[in-house]
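With chain A held as given, fit chains B, C, D and E onto it using these hints.
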Amino acid sequence: MIKRLIKKRVSSVGLPPGTLIHVGDKKVERVDIHVIDYDENKVDEMHFSDPDDLSDIIRNNHVSWININGLHNMDVIEKIGNKFNIHPLVLEDILNTEHRPKFEDYENYLFIILKMLSYDETNQEVITEQVSIFLTSGSVITFQEREGDVFEGIRARIFQAKGRLRKMGVDFLTYALIDAIIEQFYLILEKVELRLESIEEELIKNPTSETLQEIHRLRRDVLYLRNTAWPLREITNEFIRDDLPFVQESTKMYLRDVYDHTIQILEILDTIRDMISGMLETYLSGVGNRTNEVMKVLTIIATIFIPLTFLAGIYGMNFHYMPELDWKLGYPVVWFIMIVISLVMICFFKRRKWL
Amino acid sequence: MIKRLIKKRVSSVGLPPGTLIHVGDKKVERVDIHVIDYDENKVDEMHFSDPDDLSDIIRNNHVSWININGLHNMDVIEKIGNKFNIHPLVLEDILNTEHRPKFEDYENYLFIILKMLSYDETNQEVITEQVSIFLTSGSVITFQEREGDVFEGIRARIFQAKGRLRKMGVDFLTYALIDAIIEQFYLILEKVELRLESIEEELIKNPTSETLQEIHRLRRDVLYLRNTAWPLREITNEFIRDDLPFVQESTKMYLRDVYDHTIQILEILDTIRDMISGMLETYLSGVGNRTNEVMKVLTIIATIFIPLTFLAGIYGMNFHYMPELDWKLGYPVVWFIMIVISLVMICFFKRRKWL
Amino acid sequence: MIKRLIKKRVSSVGLPPGTLIHVGDKKVERVDIHVIDYDENKVDEMHFSDPDDLSDIIRNNHVSWININGLHNMDVIEKIGNKFNIHPLVLEDILNTEHRPKFEDYENYLFIILKMLSYDETNQEVITEQVSIFLTSGSVITFQEREGDVFEGIRARIFQAKGRLRKMGVDFLTYALIDAIIEQFYLILEKVELRLESIEEELIKNPTSETLQEIHRLRRDVLYLRNTAWPLREITNEFIRDDLPFVQESTKMYLRDVYDHTIQILEILDTIRDMISGMLETYLSGVGNRTNEVMKVLTIIATIFIPLTFLAGIYGMNFHYMPELDWKLGYPVVWFIMIVISLVMICFFKRRKWL
Amino acid sequence: MIKRLIKKRVSSVGLPPGTLIHVGDKKVERVDIHVIDYDENKVDEMHFSDPDDLSDIIRNNHVSWININGLHNMDVIEKIGNKFNIHPLVLEDILNTEHRPKFEDYENYLFIILKMLSYDETNQEVITEQVSIFLTSGSVITFQEREGDVFEGIRARIFQAKGRLRKMGVDFLTYALIDAIIEQFYLILEKVELRLESIEEELIKNPTSETLQEIHRLRRDVLYLRNTAWPLREITNEFIRDDLPFVQESTKMYLRDVYDHTIQILEILDTIRDMISGMLETYLSGVGNRTNEVMKVLTIIATIFIPLTFLAGIYGMNFHYMPELDWKLGYPVVWFIMIVISLVMICFFKRRKWL
Amino acid sequence: MIKRLIKKRVSSVGLPPGTLIHVGDKKVERVDIHVIDYDENKVDEMHFSDPDDLSDIIRNNHVSWININGLHNMDVIEKIGNKFNIHPLVLEDILNTEHRPKFEDYENYLFIILKMLSYDETNQEVITEQVSIFLTSGSVITFQEREGDVFEGIRARIFQAKGRLRKMGVDFLTYALIDAIIEQFYLILEKVELRLESIEEELIKNPTSETLQEIHRLRRDVLYLRNTAWPLREITNEFIRDDLPFVQESTKMYLRDVYDHTIQILEILDTIRDMISGMLETYLSGVGNRTNEVMKVLTIIATIFIPLTFLAGIYGMNFHYMPELDWKLGYPVVWFIMIVISLVMICFFKRRKWL
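Chains as they are written, first to last, in the numbering used here: chain A, 46 to 400; chain B, 46 to 400; chain C, 46 to 400; chain D, 46 to 400; chain E, 46 to 400.
Just chain A, with the same shape it has in the complex (with noise of 0.2 angstroms):
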């Protein structure tokens, strides 16, 4: 992760600021503007590539969401910033798909860096898209990189006129478009917890160095999602605040919805956190007991021979003088001292709770 952030943050140092650089690698063939236009009796879905022929879409009291996939050419997102009055420091920054999540207030404009996660099921890795959202008067324009997105769920609200979106502003589909990329957290953390659970079941089980690394895995991960969640927490309070444009009192409330999500999001991160400290505990404890385990029954046989071999070399010993060896009994007797020996040592280790 932060490899490729910096390799990217490298690429553009020392060009002049505002300078457009595509920081990410090309994903789509060649860019689409998606724009779908609504208000509450009439939606137009229609498909752009050069953003000239937008002219004519933008009229009053109607909602247009631009959605823009692609992000390489440069020439098509700088004729989108002419259109809209983009800084081009905001351009510079929707094109650096490394860019942390961020809100910011240029007063005839709102601008938003959100991460959109999603999961993918045959690499077993998170994917992040980053989205940035521009919201002016009548106009919400998302800029991604990649096609596919988790918005289709708002898309099929426009279409089929669902819920209260269709009569709202651009502030409530701005909120949407949030609310659709925060949920998608529960998704991921729903992955994350069966990795939680897998691990847990292997710690009791058959822990390996292999659970180990698989621990500090699944930390890092989570330290990456938790970076990824807390500026989320920031950018919706920020848009809870009360001086903002565009954004209706009614649609606050949706956003403290938000809010709280955000929140509960960084709590259960933070107790996941935790229990994967305390698995690590378990297993570093858990070996080290395992091994003394092994040592002290494998110290505990060479230590009941060690006298008995010690008796068998007394009888080794070739004095020409040793009574012993030439009494009749002299052998059962040994091994039946032998035996006793064994047995007090045995019993005494058990008593001794070291068997």
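The hints are simulated quantities; they were obtained by calculation from the structure and are not laboratory data. Since this is a predicted model, take the numbers as computed values, not measurements. Some clues are possibly wrong.
To be verified - Calculated pairs, DMTMM-like style, for lysine to aspartate or glutamate (alpha carbon to alpha carbon, straight line, at most 25 angstroms):
no.	chain 1	residue 1	chain 2	residue 2
1	D	K395	A	E338
2	E	K52	C	D302
3	C	K128	C	E90
4	B	K236	B	D315
5	E	K398	E	E338
6	A	K53	D	D97
7	D	K236	D	D315
8	B	K53	A	E170
9	B	K52	A	E338
10	B	K147	A	E228
11	E	K48	C	D266
12	D	K48	E	D165
13	B	K147	A	E294
14	C	K53	B	D288
15	A	K48	D	E170
16	A	K395	B	E246
17	C	K48	B	E247
18	E	K207	E	E338
Okay, now just chains B, C, D and E, sitting in the frame of chain A:
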């Protein structure tokens, strides 16, 4: 805990906000609406199953406590929502039984979510039930998932006109409800304290790996209690704020008392956490010490016998010219030397405090 | 500590607020009301057992210090409450002797709860007694559970007219009481310091598992002291606030002095905690080191003898054709070789600093 | 680092404040004053060695960037101080090249101290050079110790009139300088990341005590970077403040961008610190595990042979009446028993997962 | 440290506030009152032993620096208190030489307590002496316990009229005194740094348990320095506050410089603490590693010889029918097998990197 929480959240991903879905299990057969309507002179008790029948009970200068058991019937909840003008998001929160505790001031009503704890003696676990309190002019509506609650004492006080409850308004009833919930924490803390004690005893008498797991389990439970208790601080604090509707100055003194209790609960939980950390350390260092002790004793036994065995080995050699072998006293002398060696070694170990 | 605290709380669960129950044990035979009434020129001392007799002593321009020993008689407490217009919740707090220290400003009186510490030499433990101070115009009422307190010095100063106590008002008397309680902390800290020293000595001379328990015990006690001292900071700080009734500017300078003391006490406790952590580390690393040292020496002894025993084993074999056995010098040569081997090994171990 | 810092400080102990002493080493032969004077239409470049010659270049509506390389000549620094009315304490701070980064607003000028980082490939270490920026109406003066800096890109942009630099005032030039310094951090972070990776690889393949030292070294370097980066946050934040002279609204947007970068750098450094902690734990638990593994295997070998050796010892005894010795099959039977015993033990160890 | 502090506090328990007792030891024979009286044109130096003689020196437009060495004579201190109208509590603080550093603004004077550090080369320890500074219109009074201080440089600057000291007022003198005390910290830090280096060297070359104690000692000393330096931050910060009497705007710039120094000292101390933690970890993991290394080698030696000894034991058995014993090559073949076995084992251990 977390697992259930995430699962429920995931089930509502993609739905428009304000959609009423009950994310808990169905815990009672049919919704029961229990109304206690009182003023200083009179108390009425009624049971309903249809919210439409409620209309005639809301009169002036009375306090109506409407308690709803069971949240699975969307219809009932929606009717109540309409009757009392409750915002759809608030209704959604009421139905989401994994919501975190919160306090919200909606100008013409206050809305509080709390967690009611109880201890299930058979399964030895803490049961959490969400209680939503909706406080508006003349009415307090409480929403619960299950039958049975911690409010029986309050009902008794209303019917028997004990204390000042009958003489005060909705704010005092709300205070009484919160107080009852927070008092319950002390009962749970008592159970925690008992477990703490039993672990401590085990730690001294016979610590096993079972003890370690018990400590971890207790730590997790205490963490859960802390997460549940933490928002209470904020909630009671906001309740004391100056500019709330319905809340009279005289009630604030009682709320401050509740605030003191939450602070104390949090302090107790912190102290318990500290004690658990100490117990973990004691366990780990104890286990290590014990193994070390065993190993030391065993190694000492081996160390005493090894030179003796060597000596026996010497006189087991078959050299033709070994003068000692022919001596008459060879054998007893060797025994004597061996005894001296082992005594010297034991003394040496004793003096060094190794034994 | 916690156990008692929780138990007492649990006993009052379900009772209406303001119900007067004494949650402590009965510690004196009968309630004693001790009044010292003074101004710059005159001092009167009286003992009562019935609060009704108090009525005539409350005059103008006098300071009345009413000290009540014993809280088990509800009747007496209630009468006092009525006489001085004390809110039922305040009375409840006075009787709940496990309340956390607090400061509350009720417009026409101030109410302070503090913990008075003393050291029981016979049982070697800190005894905590709750002192509630009720400060109203012309009167200071102190409530204690037991006979005996740390205020004898103040009484002496009043009777002997030493210092400025006699010339000042109720605020200065309250300051003097708080100061006396906080000064007591230093005496307790001295005991803690002695225990710290004796543990340190043990750690160097002869650390046993007893020492570890002693460290844990000390840590717990210091934590308890810290929890007791922490609210004092807030209390004294609130006392200095600008807008309090009864508190004159000249007294505030003295209160600031008390505030400095509480800060110092907290700093000392933090330093002690830090030292205890260091001692724990020293103990653990010390125990580990010692065992390692023992094991190393023993293993070295074994390692030296094992090759020698092997050599003896070689010449104990019964092969018919072993030329060395027939050599005249075979036996002494083997001895010589054995001595050489062991010397070489010892040198090797010495050079590697293993011995 | 700290050593040098303390040493330099100590050298100025006891001198009156404002005494100009250069606490760094002399790093260039002679002081070079390099002036770039530009407005939207024209650029002039000049080199001076005597500040007196500067007088005629300070005109209206121009931006003069005066860069001074070399701080060892007190005379030059003092002349500049007089010409621009710089407070003696500011001059002292400029000369004290171990000053911590800071931002100060002196009504008619702003003064900023920053650390410029670069990476010395030959010695594999980060080189820090202090840059002081003095911003007054129409002029930006930068003070450096050595030749060579990270501002070449800015100079190129001025001469080639690229970007908006030529069109803006002194505040934008200052922003550009700060931005160049902060961008340099990403290059350093890239090196850190490479070291992190190589250590991680070592940890998996062949962790030695050298690896441990490498981890500690990296941790110390990251700590140093963090200490250097931390004040940048505060500095850029203060720069965005509303009421600064010379700083225009349009530049503040760019400064906010810089602020975002510093936050990101700090976040990256925190993540790296966390990863280093994880690596330390992995190393320690890995070393412990490996040793335990070795010891276990060796102990198992010993444990298998000890009973066998005992058995051999038995039949090495010299008793006259040992019937087994006379049996024809005695010898092979003993071998058979020994093989059975060892197989049973190996199976037992395998089943217990000890092997 | 703490011990002395607590002891002194305990000695004043129970006394009325404002009682003048000197809680330090008597460190000089007789109290010396040293006055330097200066303005821009003239300097006078005087020595007194009776404060009554001071009266005539306090004139207008002069700065009088009155330095008092020795605090054991209550009489002298009280007279000074009366002459300058010092509040009894301030006098008490001056005499309590274990007071924590503080800054207090009493409308018509400022009162500062600081700790002056010096390093005793013979005992290798830091010596702390309390300096109380009393700043009123036209006079600065400093109270010290012992002869000798860190102010000689300031005296020299006054007499030689170096720097701006002679031209400025009492505030600048106070600044100079504080600056001199804070500069002293750097000298102490240099000593700490030397100890740090010597420990680091020991850690690499030959870490003993002595090294561990040295680390703990250093940690405690650094903690003490930090506790002493920490309040300085607050004190200098309060000194820069806007509304203080006597403090001119021009002096505040110098105070800000002092503030920078205290921040730097605290940062250095934090870095040193971090380094000490790293050293502790290095020591502990180093000790563990070394013991493990020793044990591993020894166990390997034992493991190689155990099978060989077993083989020797086999052919030491006395069975009558052991064909190998009669073979001519039996003995050399056994030797050959033994050598092969040991070589195979050594190879195996080498390949597994156990040797």
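Here's how the hints hold up against the structure:
1. The hinted pair formed by D/K395 and A/E338 meets the criterion: a straight-line CA distance of about 15 angstroms does not exceed 25 angstroms.
2. Taking the CA atoms of E/K52 and C/D302, the gap is about 18 angstroms. The hint holds against a cut of 25 angstroms.
3. Using a Cα cut-off of 25 angstroms, the hinted pair C/K128 and C/E90 holds, with the two alpha carbons roughly 20 angstroms apart.
4. Among the hinted pairs, B/K236 with B/D315 is consistent with the structure: their alpha-carbon atoms are about 16 angstroms apart, no more than 25 angstroms.
5. Simply put, E/K398 and E/E338 have alpha-carbon atoms about 12 angstroms apart, close enough for the 25 angstroms limit, and the pair holds.
6. Among the hinted pairs, A/K53 with D/D97 is inconsistent with the structure: their alpha-carbon atoms are about 45 angstroms apart, more than 25 angstroms.
7. For the hint linking D/K236 to D/D315, the alpha-carbon distance of about 16 angstroms falls within 25 angstroms, and the restraint holds.
8. Taking the CA atoms of B/K53 and A/E170, the gap is about 23 angstroms. The hint holds against a cut of 25 angstroms.
9. Annotation: proposed proximity of B/K52 to A/E338 is violated, straight-line Cα distance about 40 angstroms (limit 25 angstroms).
10. For a cut-off of 25 angstroms, the pair hint linking B/K147 to A/E228 stands: about 20 angstroms separates their Cα positions.
11. Of the supplied pair hints, the one linking E/K48 and C/D266 holds, its CA atoms being roughly 18 angstroms apart against a limit of 25 angstroms.
12. Annotation: proposed proximity of D/K48 to E/D165 holds, straight-line Cα distance about 21 angstroms (limit 25 angstroms).
13. This hinted pair checks out: B/K147 and A/E294 have alpha carbons roughly 20 angstroms apart, not beyond 25 angstroms.
14. With a C-alpha separation of about 35 angstroms, the suggested pairing of C/K53 with B/D288 is violated against the 25 angstroms cut-off.
15. At most 25 angstroms may separate the alpha-carbon atoms for a hinted pair to count; A/K48 and D/E170 meet this at roughly 20 angstroms.
16. Annotation: proposed proximity of A/K395 to B/E246 holds, straight-line Cα distance about 22 angstroms (limit 25 angstroms).
17. Using a Cα cut-off of 25 angstroms, the hinted pair C/K48 and B/E247 holds, with the two alpha carbons roughly 18 angstroms apart.
18. Only pairs whose Cα atoms come within 25 angstroms are accepted, and E/K207 paired with E/E338 is rejected, the gap being roughly 64 angstroms.
Consistency note: the structure conflicts with the earlier hints numbered 6, 9, 14, 18.
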